[in-house]
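Letter by letter, the sequence shown follows residues -19 to -1, 1 to 364 of mature numbering (1 follows the signal peptide of the UniProt record, and there is no 0).
Since the hints were made in silico from the structure, they are not lab data. Among the hints, erroneous ones may be present.
[As the list claims (entries may be wrong)] The calculated lysine-lysine pairs, modelled on DSS-like cross-linking and capped at a C-alpha distance of 25 Å, are:
| no. | residue 1 | residue 2 |
| --- | --- | --- |
| 1 | K177 | K156 |
| 2 | K322 | K305 |
| 3 | K102 | K151 |
| 4 | K63 | K94 |
| 5 | K63 | K53 |
| 6 | K229 | K14 |
| 7 | K134 | K94 |
| 8 | K232 | K289 |
| 9 | K329 | K259 |
| 10 | K239 | K211 |
| 11 | K53 | K28 |
| 12 | K242 | K229 |
| 13 | K211 | K261 |
| 14 | K14 | K363 |
| 15 | K63 | K28 |
| 16 | K127 | K91 |
| 17 | K33 | K78 |
| 18 | K156 | K211 |
| 19 | K63 | K81 |
| 20 | K24 | K46 |
| 21 | K206 | K177 |
| 22 | K63 | K92 |
| 23 | K91 | K102 |
| 24 | K329 | K78 |
| 25 | K329 | K28 |
| 26 | K78 | K305 |
| 27 | K329 | K81 |
| 28 | K346 | K329 |
| 29 | K172 | K159 |
| 30 | K271 | K261 |
| 31 | K151 | K172 |
| 32 | K206 | K239 |
| 33 | K172 | K134 |
| 34 | K33 | K46 |
| 35 | K248 | K261 |
| 36 | K78 | K134 |
[What the hints assert, rightly or not] DEER-style ranges, computed between Cβ atoms:
| no. | residue 1 | residue 2 | range |
| --- | --- | --- | --- |
| 37 | L137 | N335 | 20 to 30 Å |
| 38 | E251 | D32 | 22 to 32 Å |
| 39 | L101 | G350 | 30 to 40 Å |
| 40 | E152 | N100 | 43 to 53 Å |
Model, not experiment: these values are computed from the prediction. Idealized CB from N, CA, C, for every residue including glycine.
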Amino acid sequence: MKKIFFLPFIILITSISFSQTTNYPLIPYRDGKLWGFCDTLGKVVVKPYFDKVEDIKFDLFNHRKATFLLSKNNKRFVVDEKNQMLLPLNHSYDSIKLNKYDTEFIQVFKKGKMGFYSNLKEIIPCKYDLVETAGNNSFRVYVGLKCGLINSKNELIIPIQYDDVYASWKEIDEKNPKYVWLASNSTGEKKYYDTKIIQKPLDGDALPMLVMKEYDSSGEDFKNKNELLKLYDDVDYDANQNVVYVTKNNKLGVFDLKTEKILIEPKYDEISFLDTHKEKKVFKVLKEGKYGMLNENNEIVLPFEYDKIEKNGDLYLTLLFQNKKVGIKVFNTIYPTIAAKYLDVLDKESIQINNSWSFNIFLVKTINGIGYVGENGVEYFKN
């Protein structure tokens, strides 16, 4: 594919491309009101020039790939981690958005309708209410609440008249030389077939659901209950962690059912499992009005100095609140805790460094604006 470069970028970095500077996607860097790019250590690679970095996305399947939605003088455009223009300045779209999971595609909008842009061309026209990537290089397209499917050849192979369209995971269909789709509505399911490009669908809703075992705390899974009630005032079984929260004189502790030993003595006001850190269970604990963290060896992971510790399910983050400011606890990292000094934590992105480690960057809000912070604690902004 022919490479098209944005001229001001070239001037700013004196003909050094992103890929020559670092092996990984760069990180947006703010200096006052202008934005550029830096590396994970905060070294500026592209001097602040842009009015805004509106969004960034790292590819779900290849985190070294990234897209950046930038603006300058009210013009919005998209580049990748190698400074290659993905959507030019002279586009005619009313709005553009980065795709949530796959950096190959850009969401484009015109007159309230959505399409997809990729490889410097519009691959799905702006005529649908919603477009989603699906397996086999295909796209679900919606008009109102009804959906159909456009395949890799840009052919509408499933008419827009169904409630849902998804890949079949039935064994007989997986063995079929054709790619098998199921389209469903109130009358049932209908099969559609297409040339098979990818053996397994990549859209998450086609994956089979995992069934979790349900535990009964009154049965064999908690055979120690009567013995523990002789020692403690109350017991509360956590089947997922195989521990029991025990109460004595209105104070809480933790008993491990595997070792049949007390992990944390009952002397705390609140206690609950939080996460795993360095192969040890970590519990959120309240003591004398302040929250901290203890591991299963009764060792302090975080001191008792926080007003609140909260698991953010949307961002998969543990947030630390102290004096109306927010910090971040990243588990299983080599870096220290990020201090509670921000007004809010707005977003998180992960950069895949190797097969076992992702480097996280966090979008935070400060009194002077937003900016990114690495899990190493480096602030990628200057006010």
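**Prompt:** When the hints from earlier in the document are held up against this structure, which numbers fail?
**Reply:** 3, 4, 6, 13, 18, 21, 22, 26, 37, 38, 40
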